[in-house]
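Now for the letters of each chain:
There are 2 protein chains.
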Amino acid sequence: MALKSFIEVGPDSHFPIQNLPFGIFKPEPTSPPRPGVAIGDYVLDLSTISVSGLFEGPFLSGSDCFLQPNLNKFLALGRPAWKEARTTLQNLLSADEAKLRDNPNLREKSLVPMSKVEMLLPIAIGDYTDFFSSMHHARNCGIMFRGPENAINPNWFQLPIAYHGRSSSIVVSGTDIIRPRGQGHPSGKSPPYFGPSRKLDFELEMAAVVGPGNELGKPVDVNEAGDHIFGLVLMNDWSARDIQAWEYVPLGPFLGKSFGTTISPWIVTLDALEPFACDAPKQDPQPLPYLAEKISKNYDISLEVQIKPAGQEDSCVVTRSNFNHLYWTVTQQLAHHTINGCNLRPGDLLGTGTISGPEPESYGCLLELTWNGQKSLSLNGTTRKFLEDGDEVVFSGCSKGDGYKVGFGTCSGKILPSP
Amino acid sequence: MALKSFIEVGPDSHFPIQNLPFGIFKPEPTSPPRPGVAIGDYVLDLSTISVSGLFEGPFLSGSDCFLQPNLNKFLALGRPAWKEARTTLQNLLSADEAKLRDNPNLREKSLVPMSKVEMLLPIAIGDYTDFFSSMHHARNCGIMFRGPENAINPNWFQLPIAYHGRSSSIVVSGTDIIRPRGQGHPSGKSPPYFGPSRKLDFELEMAAVVGPGNELGKPVDVNEAGDHIFGLVLMNDWSARDIQAWEYVPLGPFLGKSFGTTISPWIVTLDALEPFACDAPKQDPQPLPYLAEKISKNYDISLEVQIKPAGQEDSCVVTRSNFNHLYWTVTQQLAHHTINGCNLRPGDLLGTGTISGPEPESYGCLLELTWNGQKSLSLNGTTRKFLEDGDEVVFSGCSKGDGYKVGFGTCSGKILPSP
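Heads up: the sequence lines are chains H and A, in that order. Residue numbers for the first sequence follow UniProt numbering, so the first one is 1 and each next one is one higher. Residue numbers for the second sequence follow UniProt numbering, so the first one is 1 and each next one is one higher.
Keep in mind the hints are simulated off the structure, nothing from the lab. Heads up, a few of these hints could be off.
Because identical chains cannot be distinguished in the list, a pair is counted as satisfied if it fits within a single copy or across any two copies.
[Stated by the list, open to error] Keeping only pairs whose Cα atoms sit at most 30 Å apart, straight-line, the calculated DSBU-like set for lysine-lysine is:
1) K218 to K385
2) K26 to K73
3) K218 to K26
4) K218 to K414
5) K308 to K375
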């Protein structure tokens, strides 16, 4: 018999009692930010639950981690505290438990309709790293820019390639994205042009949220890396392809990415995703020992991107992919990140890179879907090569269980014109 | 008649009353960190000065910015507050002013011998960006890795190339650096090797410390960029050349850099450096309008790197360079960084990139000085191609005025073996 909440949750909801993702919200525009979990169409206010003394376990009873404006302090506590929170909350919200169910006053204070709250960034992000871990994405980009002969650089199969991203411009779902200006380059010896980006794109990604970090100089073992990851979010790594193409040699992407990165407000924990774990792809060549995992896991998470052009009622699905297309796992990414001694901190974000599948309908960005603008994508009677002003891009992601879903909600942003 | 302090300051000191660089220190191992300025062989405790009510100007009299464990709050106040602090402190420390000079109790409380204090990171660094702005460095690297024909990529002359660096592993001068482990690649089709870096290097850089930031989506005009820069520090961007060479295509440097970056504890303000301003090099081709400055300034700051091998008494100068070798100015770097709408925050760090001059004796890293290990550098009877365990690398930098110096002190770190 499946676990059930006293709060009614429809079968298509992303937020049944099996999920309980964590976020930061304001119940009223003027109230201070606080942690919450999503349950059906409600947000459960963890500051109220905490002040009411309902976290009674050894890790959380004396802690003020749910009286903070972000989740970093909770993340730093590690998996035993996370499991204690999950058990406490699943118990408190279950149909069989009277404590909250039969306390109208506490229900009134702690359960806020999701439609009324404002969601904020769930974490203070010290450093944000973006990997490049879908082989299909790496191959497609390689074919486009270097030709089919050397599509994937030899280092790609030996290590999870990554670059440092910009933390300051990470925003929460729903924040508008202003079309960036910058330099592009037509070709050959012509001078660069300057202006609003002509090739604005989304990138369908997810990101791992780091829990306890590691000390500078002390790498994390790949088989213990899972304990350093709290959960996952959806992430749109907006990209200006013309700016990126002109600037990225030899030091990598910079202004082509740093104008904005959007994440979903809800962090779905690895504990909630555990039923959807699946084998990661076999790696050939075998990774070096520091990257060789005893158990190499992906998660079966269906991902979808819709675009809603300005003035249209309906949005249109432009791609469907899955988290399980990743070649390098998030635990390998984390272990690799620290092998040189680099320290991670609670709240750091590790993006997966664009998650493209093998079929053209599963490519994770317009660059691949339109093959760098060589063909058009049909969109409910209109067409797109790259994003236009007013386009709203909406990601969603969820795993399907037996009679329930564990989902991420959406991660969206609308393009505003350059000033 | 030159400004003079009642505190005796020798002619070779980096810290006369004309300088007054800001840092964060602990007077005793157990005391909380607080802001200070360097004066001769002393640190003036700004928390004491502040609590004593000696900041009487409009910007600082009611502020708690000097009661913080970092300088970020002070930096956020902007140039008018910085100038007020400088004027107040120069007055307070001057030979003619009795307020502090003739108050033994206050002197005792507020002036701490520099030899006794522990210096900490002066700022909480949200994001760290590293530019690539010395043409000599870009050319030398290009010749080594791509041949003399296409030594400098065409984009280099059109924009200040940069990459996002790692904030978490920035440490203050004096912190040991553990030799990173990672993958390297011998050549051709051979598999990569794994182990302690065989090509550990320093990079002689300086970095600009951002004061007031800008809102996401609102670029900073290049002619106003100077008001967003509080001052400069010395910076050693330690680099593992073998790790970097194998990983950096196509997304740029990652683990080859992120194991540690050292900055000097003292931030020398642009106001203190103003007497040493000089013309920046003429740029050809002319930069695009958003990078064209009415006044294009560098600063005449002599830079020197010494290496002290383990067990030796003496260190040996390995290079002498100057900040004025930069092709792109720090104000152009800052304006470029924000042109796409990217937001900067107080305390962000903008590294210049390795500052190499035109002559071989002025190259800013071992990669250039030994031409990627093809020749040896002589070092007091021993030789080096890259850094060895136990080597201590010491940067210093200063500008020479008429009868005084405005200096940065040192920025040092010692290499410890891989675990």
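Checking an output row: K308 and K375, CA cutoff 30 Å. Within, between, both or neither? within (19 Å within a copy, 60 Å between copies)
Can you give me the call for K218 and K414, within, between, both or neither, at a CA distance of at most 30 Å? Answer is between: at 17 Å across copies they meet the 30 Å cutoff, but 41 Å inside does not.
Could you figure out if K26 and K73 sit no more than 30 Å apart (CA to CA) within one copy, between two copies, both or neither? both (18 Å within a copy, 26 Å between copies)
With identical chains treated as interchangeable, where does the CA-CA distance between K218 and K26 reach 30 Å or less: within a copy, between copies, both, or neither? between (38 Å within a copy, 26 Å between copies)
30 Å Cα threshold - placement of K385 relative to K218: between (46 Å within a copy, 27 Å between copies)
In the structure shown, no violation is registered for any of the earlier numbered hints.
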